[in-house]
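A.B. asks: Fit chain to chain and form the complex, with the hints in mind.
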Amino acid sequence: MKPALRVLAPGLLTTVQDLGRTGYQSLGVPVSGAMDIVSFAAANAIVGNPPSAAALEIAYQGPSLVVEATSVRIAYAGPETAIDILSPDGTPRRLPRLQSARLMQGETLRIGALTGSAVGYLAVEGGIDVPLMLGSRSTLTRATIGGFEGRQLRAQDRLPLATADAPEREEASLPSLDLSPPERFRVVLGPQDDYFTARGIETLLTATYTVTQSSDRMGMRLDGPKLEHADGFDIVSDGIAPGTIQVPGNGMPIVLLADRQTTGGYPKIATVISADLAPLGRLRPGAQVRFEKVSVGEAQGIRREQARMIASLRERLVPVPPTVSINLEKLYGSNLLSGWVDARE
Amino acid sequence: MKSVDASVPDGAAATACFLDAGDTALVVEFGRDIDRHASALVLALADRVKAAAIPGVVETLPTFRSLMVHYDPLRLSQPELKARIAPLLEGLTAAEQAGCHWRLPACYDPSIGLDLLEVAERTKLSVDEVIKVHSSTTYHIYMLGFLPGFPYMGDLPAALELPRRQNPRVRVPKGSLAIAMRMSCVYSLESPGGWHVLSRTPAPLWDPRRENAGLLAAGDKVVFEPVSLDDYQSLLARADSGEWVPEPDTGGRP
Numbered sequence: 379m380k381p382a383l384r385v386l387a388p389g390l391l392t393t394v395q396d397l398g399r400t401g402y403q404s405l406g407v408p409v410s411g412a413m414d415i416v417s418f419a420a421a422n423a424i425v426g427n428p429p430s431a432a433a434l435e436i437a438y439q440g441p442s443l444v445v446e447a448t449s450v451r452i453a454y455a456g457p458e459t460a461i462d463i464l465s466p467d468g469t470p471r472r473l474p475r476l477q478s479a480r481l482m483q484g485e486t487l488r489i490g491a492l493t494g495s496a497v498g499y500l501a502v503e504g505g506i507d508v509p510l511m512l513g514s515r516s517t518l519t520r521a522t523i524g525g526f527e528g529r530q531l532r533a534q535d536r537l538p539l540a541t542a543d544a545p546e547r548e549e550a551s552l553p554s555l556d557l558s559p560p561e562r563f564r565v566v567l568g569p570q571d572d573y574f575t576a577r578g579i580e581t582l583l584t585a586t587y588t589v590t591q592s593s594d595r596m597g598m599r600l601d602g603p604k605l606e607h608a609d610g611f612d613i614v615s616d617g618i619a620p621g622t623i624q625v626p627g628n629g630m631p632i633v634l635l636a637d638r639q640t641t642g643g644y645p646k647i648a649t650v651i652s653a654d655l656a657p658l659g660r661l662r663p664g665a666q667v668r669f670e671k672v673s674v675g676e677a678q679g680i681r682r683e684q685a686r687m688i689a690s691l692r693e694r695l696v697p698v699p700p701t702v703s704i705n706l707e708k709l710y711g712s713n714l715l716s717g718w719v720d721a722r723e
Numbered sequence: 136m137k138s139v140d141a142s143v144p145d146g147a148a149a150t151a152c153f154l155d156a157g158d159t160a161l162v163v164e165f166g167r168d169i170d171r172h173a174s175a176l177v178l179a180l181a182d183r184v185k186a187a188a189i190p191g192v193v194e195t196l197p198t199f200r201s202l203m204v205h206y207d208p209l210r211l212s213q214p215e216l217k218a219r220i221a222p223l224l225e226g227l228t229a230a231e232q233a234g235c236h237w238r239l240p241a242c243y244d245p246s247i248g249l250d251l252l253e254v255a256e257r258t259k260l261s262v263d264e265v266i267k268v269h270s271s272t273t274y275h276i277y278m279l280g281f282l283p284g285f286p287y288m289g290d291l292p293a294a295l296e297l298p299r300r301q302n303p304r305v306r307v308p309k310g311s312l313a314i315a316m317r318m319s320c321v322y323s324l325e326s327p328g329g330w331h332v333l334s335r336t337p338a339p340l341w342d343p344r345r346e347n348a349g350l351l352a353a354g355d356k357v358v359f360e361p362v363s364l365d366d367y368q369s370l371l372a373r374a375d376s377g378e379w380v381p382e383p384d385t386g387g388r389p
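Same order as they appear, the protein sequences are chains A and B.
Counting from 379, one number per residue, gives the positions in the first sequence under the working numbering.
Counting from 136, one number per residue, gives the positions in the second sequence under the working numbering.
Treat the hints as calculated values from the structure; they're not laboratory data.
Take these hints with a grain of salt, some might be off.
Computed far set for chain A versus chain B, every beta-carbon distance over 12 Å [stated by the list, open to error]: (1) Ser-442; (2) Asp-467; (3) Gly-504; (4) Ala-521; (5) Glu-546; (6) Asp-572; (7) Ala-585; (8) Gly-602; (9) Phe-611; (10) Gly-627; (11) Met-630; (12) Arg-662; (13) Pro-697.
Below, a sample of chain A positions facing chain B; criterion: calculated Cβ distance under 8 Å [to be verified]: (14) Met-511; (15) Thr-541; (16) Gly-617.
Away from chain A, derived, C-beta distances all over 10 Å, residues of chain B [what the hints assert, rightly or not]: (17) Thr-150; (18) Glu-194; (19) Asp-244; (20) Glu-253; (21) Ser-271; (22) Leu-297; (23) Ser-363.
Even for Gly, the Cβ is constructed at its ideal location relative to N, Cα and C.
So here's chain B without its partners, still in its complex pose (with noise of 0.2 Å):
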């Protein structure tokens, strides 16, 4: 039931097809599904193309299946963009890319979990067992979007596998950790939102004060590891006064 790590098999050569997202960018696709296979070579591509430092290539953006080239169009044309991306898929594998592993703390006190003891009864688990298949998974990140810094990670145990929630939040509260689906996401700001909220990480994911905005990327891993409430608390006002910043364990970014 744990979703293993780095499951991804290398070595499969990359069928890609182009997509027109009208005229200032371009999706290159390797499948229609949320697998890791299709993630790892988007992230792939996408560390190509910015090794590649294609003049009028303005930024990309990985997704869980696809890969997102907004370039500008008065510098490079759709031909001559796909021109320079189609060598780059030649001999593109799974195994190039590599990010980040961070572990992280999160708090699963019921009273930021909110959604914690609703989740053990719909799931017919015991908190403490939600607590922790949640926290023994290492995360992938396929993605960042819906907000800046929120991550969708992958895979989710199928225990904990639940459709959203019915009635979505008006106000979630920042740095809530929450599932739906096979997917795990950090509220990075507060923000309405429809997912299982089960505990809260102090992580700094988005701050505009740094120059590194975003604490993650797509492709890095993540692991969570519960603190207590009053652990929670110290680490959040560091965090909040600039004081903490997590590293993670291995992997630096350049």
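So here's chain A without its partners, still in its complex pose (with noise of 0.2 Å):
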């Protein structure tokens, strides 16, 4: 059988993502992707994987997992949550996060809910072995496309593994990873901002929102102070960017991630910039924003400090001390731990 994960509890809203489907959105194929970048490039690094491999995007609670294979070596990098390693027996260990661990065939691995924001990310060295849908290993909920048949994870599914045993060495660590949001997200006004008034601009660079309920992976709306139409709302369809900040009839703006539609006919007062997005994807309903301007080639250079701190990852991973890494299997398996065993049964 291939080697998997097999789901015992799926989560709150678990896919498969990647860095996203690129190449088809004159079809109206819409990229998908990871919401947050930072998050996703920091567990594969962890685990020695290239920064394209296909990981879990986990939202609010996460899953439980048994591993089907020989062994499997994982990382959760995301805001603070419980990982716990359960052997067959249920004897836990506490894995930190930022920290790889290498789990045996029968082991259950169990990640609780998320505190702080709203996605995390697991990482399997050798990746997450989904087909691949027009190039891409993203899930696109809404079209049933890619990932695992199209949707969120589900109790016994299994996941396929690119890795049936995941070679023995020194687990690595990331040692901090800045997951806190700016002050104030950034934008480039446009490609519409002449659809607004002045005030309505004003408005937008000066005023606090609400991240409400009715926010996902295609889109967060805000909720705040009314944005001024300079003369009417509707224009004639054309192309979404990533960020970019749509304004409908309401005057509530709505901030377009992952999973948004390629085309819309709403003004577009605003793009919020590249390197921003992660850290807008952690938002959880009732956070706060707020918006300051910036020019198009002010948003690139911030672009390439963040590409530069990716890249960097890898060279600040650290050797986990083996005292922290426990293999139970190991110990269980020597006469140091024997007495502790035989107490047990």
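C.D. replies: Structure representation (structure tokens):
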């Protein structure tokens, strides 16, 4: 049987994602991909994967997965959560986030509720081996494309893995990962800022907005002061960029995220810069958002800095002392713990 | 009343402007309204950008009146991208873009043409006249969007012009041909939708099992040919099994 992680409990909304499905927007196919590319890249780096390997995106509540491979190496990157590895008899060991661990056949990985922000990533060495669809493994549930059967995970799914036996080696840890949101999310005005009054633009750049419950991978609906249109709110549909802030007739901004539609017919007042999409994607309903204006040149400079930070993740990894990463199987197999093991029987 | 195919004036010089869409996309806009001339310029520029194979351009997205160029800012700055696109606008005309011509079956039986009777009533035409008007028009695909493989086609004859439905449907069946304003569309997948459904085509417009997942492209021309419910059903079965994929009459894609 193909090596797999079998889903015991799926979590709230767990999907397979990679860097997205580009090249098909002219056919109406959304890009999708990881909402927070920084945490996604970190999880992959810690298990030694290339940056494009498919991983699990976990929203709010993590899954429980049982290993149906000889061994797997995993790492979680994202906000604080409880990560427990349970041996077949139920003995737990706690794994810190941003640290790899090798799990043996029959062991269970249990990830708890995420605290602070909305998404985290579980990477598996070798990657999650769902079929490529149009060049990507990202899931777009709305069109049943990609990922695991085009949908979020359910109990008893078997997530296919590319590697049947993770090689034994020292585990790795990333000492820190900055997941704090910027004071103000940066935007480039346009492409339809001229469809708004000067006061509408001023409102966008000074007001505080709140993330509403009706936010998902497609878009984040914000609540706050109304953005004033200059002259109607129906435009001839045109392209939508990642981070586009479209404003329908009610004047409330919607920031379009990973699963955004390719085209849309509401005026687009501004676009959140690409480097700020990762922290934006981490926000939960109730979070406060403020915007500030930058130029395209500044935005591209900030993006280059982010890319350098992501590229340096691998160099920042440190080896984990073996005492921290206890291999229970080895210990049980040795005389060292025999008394303890006896006492449990 | 019938919109004329390929009524695009050619030779007119292209006037375009660049609009910022963040730091990873640039809009090249040819106008603010839906018109065939702007659409032809958009499609012609899309072809030129594709042919230029500019390193760092990720993909292009033609829409009614503008071309969105998605690019990788780590490989190409915005000034560099503008400098590469500006020369491609020189001498751009509406004449150079040529798409495929398609003849696709459509069944206008009221059992699947869910709004056919209502549209006839509201347009004060007979059902047969509605079918005749809708199926005797050669449609131009302005763009795809909303759903994978979903074409926005124009121009619908004014005799059939209606606003969108007041109560959108939660589920419009896959293959439904529908109209609103001066547009006709096909729901390439089952989806919520607010357009008036006249008929259904068995043609598989979107099938990710195929290497060419989307059948139609912006710039293609389409005519719908009425077929019986029996023919619709047998074609649908053959399409579902992958046995039948329509071929264009002319202008095959490379």
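A.B. asks: Could you run down the list of hints and mark each one as holding or not?
C.D. replies: Going down the list of hints, with the structure as the test:
For Ser-442 of chain A, the non-interface assignment is confirmed: its Cβ lies about 30 Å from the closest Cβ of chain B, beyond the 12 Å cut-off. Even its closest Cβ contact with chain B, about 43 Å, leaves Asp-467 of chain A beyond 12 Å, as expected for a residue assigned away from the interface. The claim that Gly-504 of chain A lies off the interface holds: its Cβ sits roughly 25 Å from the closest Cβ of chain B, which is beyond the 12 Å cut-off. With a cut of 12 Å on Cβ distances, Ala-521 of chain A falls inside the contact zone with chain B, its closest approach being about 5 Å.
Under the 12 Å C-beta cut-off, the non-interface status given to Glu-546 of chain A relative to chain B holds; the minimum distance is some 36 Å. The non-interface label for Asp-572 of chain A is inconsistent with chain B: the shortest C-beta to C-beta separation is roughly 9 Å, within 12 Å. With a cut of 12 Å on Cβ distances, Ala-585 of chain A stays outside the contact zone with chain B, its closest approach being about 20 Å. No beta-carbon of chain B is positioned within 12 Å of the beta-carbon of Gly-602 of chain A; the least distance is around 21 Å.
No Cβ of chain B comes within 12 Å of the Cβ of Phe-611 of chain A; the nearest lies about 14 Å off, and the non-interface call holds. The Cβ of Gly-627 of chain A lies farther than 12 Å from every Cβ of chain B, with a closest approach of about 14 Å, so its non-interface assignment holds. Listed as a non-interface residue, Met-630 of chain A keeps its Cβ farther than 12 Å from every Cβ of chain B; the least gap is roughly 20 Å. The claim that Arg-662 of chain A is not at the interface with chain B holds, since no C-beta of that chain comes within 12 Å of its own (minimum 23 Å).
Every beta carbon of chain B lies more than 12 Å from that of Pro-697 of chain A, the smallest distance being close to 30 Å; the non-interface claim holds. With its C-beta approaching chain B no nearer than about 6 Å, Met-511 of chain A sits inside the 8 Å limit, and its interface hint holds. A hinted interface residue such as Thr-541 of chain A counts as satisfied when its beta carbon comes closer than 8 Å to some beta carbon of chain B; here the least separation is about 26 Å, so the hint is violated. Of the supplied interface hints, the one on Gly-617 of chain A holds, with its beta-carbon coming within about 3 Å of a beta-carbon of chain B, less than 8 Å.
Its beta-carbon lying about 17 Å from the closest one in chain A, Thr-150 of chain B satisfies the requirement of being farther than 10 Å from that chain. At roughly 5 Å, the least C-beta separation between Glu-194 of chain B and chain A is not larger than 10 Å, which violates its mark as non-interface. No beta-carbon of chain A comes within 10 Å of the beta-carbon of Asp-244 of chain B; the shortest separation is about 27 Å. Non-interface status of Glu-253 of chain B relative to chain A is upheld: no Cβ of that chain comes within 10 Å, the nearest being about 24 Å off.
Annotated as non-interface, Ser-271 of chain B keeps its C-beta farther than 10 Å from every C-beta of chain A; the closest such distance is 26 Å. At roughly 16 Å from the closest C-beta of chain A, the C-beta of Leu-297 of chain B stays outside 10 Å, upholding its exclusion from the interface. No Cβ of chain A comes within 10 Å of the Cβ of Ser-363 of chain B; the nearest lies about 30 Å off, and the non-interface call holds.
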